[in-house]
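Respectively, the protein sequence lines represent chains A and B.
Position one of the first sequence corresponds to residue 1 (the working numbering), numbered consecutively onward.
Position one of the second sequence corresponds to residue 1001 (the working numbering), numbered consecutively onward.
Everything labelled a hint here was simulated from the structure, so no lab data went into it.
A couple of the hints might just be wrong.
As the list claims (entries may be wrong) - Calculated cross-link-like contacts (lysine-lysine; reagent style DSS-like; alpha-carbon spacing at most 30 Å):
id : chain 1 : residue 1 : chain 2 : residue 2
1  : B       : K1044     : A       : K156
2  : B       : K1123     : A       : K156
3  : A       : K151      : B       : K1123
Since we're looking at a predicted model, the values are computed, not measured.
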Amino acid sequence: MIAPPRGESEKILLIEDMEILRQTLRSFLGDLGYSVIEAASGEDGLELAQKDHPDLILLDIGLPALDGFQVCERLKAVPNLREIPVLFLSGNLSTADKLRAFQLGAVDYVTKPFQFDEMEARIRTHLTLQRQKRMLQEKQTVLLSALFDAKVLNSKLIDMNERLRDSEAMKSGFIAHMRNEINNPLNAILALAEELLRSVLSPERLRQIAGIIHGEASHLDFQLRNVFCAAELEAGEATPFITNAEIGSILRNVADSLSHVAQMKDIQIRLIDPPDPLVFPTDAAKTHLILENLLANAIEFSPQGKSVELCARIQDDELVLDVKDEGIGISAEDQALIFKRFRQLDTGLTRAHMGPGLGLSVTKALLELMGGEIAVDSEPGQGSRFSCRIPRGQNPETSGMEAFDGNLFLFDDTEEM
Amino acid sequence: MNGLAIDTPRRFLTPCTIFASKEEHLISTLLGSCVAVCLWDPVKQQGGMNHYMLPLWNGDGLPTPKFGNVAIDQLIQRMQNLGSSKERLIAKVFGGANVLDTGPGHFQIGERNAMLAQELLGKHGIPIKAQDVGGPFGRKIIFNTQTGVVMVGKLSKSAEELPNGRPRGVPAP
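Bound-form chain A, shown alone (with noise of 0.2 Å):
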């Protein structure tokens, strides 16, 4: 059994017509403790039971106007009443009024003349059910909001899970493509080198082995600079280092490194040598890689016997530099997905291509480092133009106090928010 809350009594409505039988179930209810309400009528019950909120109703069938059966089916219809349980008083019930007592969700009866200890033992018995039912019920609500609660959390895990998979499935691309990136170049080295210590070679086969060897080398070195290059950006170790730089040269030696590959791929490279000796204050070496990034990007998706176009001008006091390919082109959707990490696209022509994908990410990182940005102007089948934007770079300034103008706050540490 589960005791009543100490401290309030359970309240009792009783809807009785005859006064005499209100009084004797008074004492006797009040005698066990249970705080009484009454009611004479059905209309009153109905409105001391939305009123008070007793835990137990007994109902008289045999009322004026409306009947212990309309009562009730009013009481089943109100849904903050219905919950409380109606046990009916009566003189003599058939069967069938039983029955529909019971229908019209009554949980149980008591007949005249009534056997007290018999009438004690069944209200007991209904309010310790109505108890363990709200019981129960919070129980219930507090489960229902847990279960939201780990619903939630559980979606977020799988969320975080999914990514980590991705993360952890771009890393393995990741390695996997730079494990060819260094081994293929490597292997024609070595393969070279052997051949060089075997035999005595022919003063063009030399030159030829030297080329290739050189090619080979510099491709290495390009994709191991950007993977340095974006460990130094993503540790925030990267700084532009400022100087005049001449532009010209730049894209010269960019489209030097990458004339090896061009060249097996029998693309043009034509470079638009700015019109004078363009000098600009920029970090040379991440210039440079940036152009690199975008030329080898251009010549390993453009069709063989196209042509990739290099050109370097000033607008608006800032350095614009435009990588132009007659290539396959980027779709509208992809042009979102290019810069991310070790991104390829899966489209036809690309599966051909293992690039670590990482050259493009660094690019990007690099241009927001020295506060430039990059822009794309592609359609599937129309060639792409990257064209970047750096301002005028200045070197970190190291004056001190200079800059301030008036107002200055100290925050040393003794300082309480």
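Given the structure of chain A, go ahead and fit chain B onto it with the hints provided.
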């Protein structure tokens, strides 16, 4: 002027970068909507600073310290690499000015940058001992890594005209 000896090495911190050192350095930077977090270890008397532009790395591009969540975690890691325990560190947070006219995508970027610092440092249990964030104007700050003192100058220029060579349309650091 505390810690402004002529021979103290100076270092200007570019956006998206981090610097921390055991040696005394004066790290300076210019902040618009960007936020710089200074971490200082009062026992070892060493410190470091980051300078981030956006609150969260969303998987786009490299996870560089351009993003607050990357920059703050890395700065803490740097301090730990220098032998500072996380429990000892104190933080000072600056920047996060309101930059207007940078388009809807950058709306309240300064406020979000500053909130991220508070949230993330709280998560790491690093107390913020001083902060000067928000407002319409840019800031120049100088952090002495040995004394932990930060000098902040309010720039009378609004955050978007900071002299850092940033092109139009790109949020000021």
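Verification of the supplied hints:
1. B:K1044 x A:K156: The hint is violated at about 40 Å.
2. B:K1123 x A:K156: 18 Å, holds
3. A:K151 x B:K1123: With Cα atoms ~24 Å apart, A:K151 and B:K1123 stay inside 30 Å; holds.
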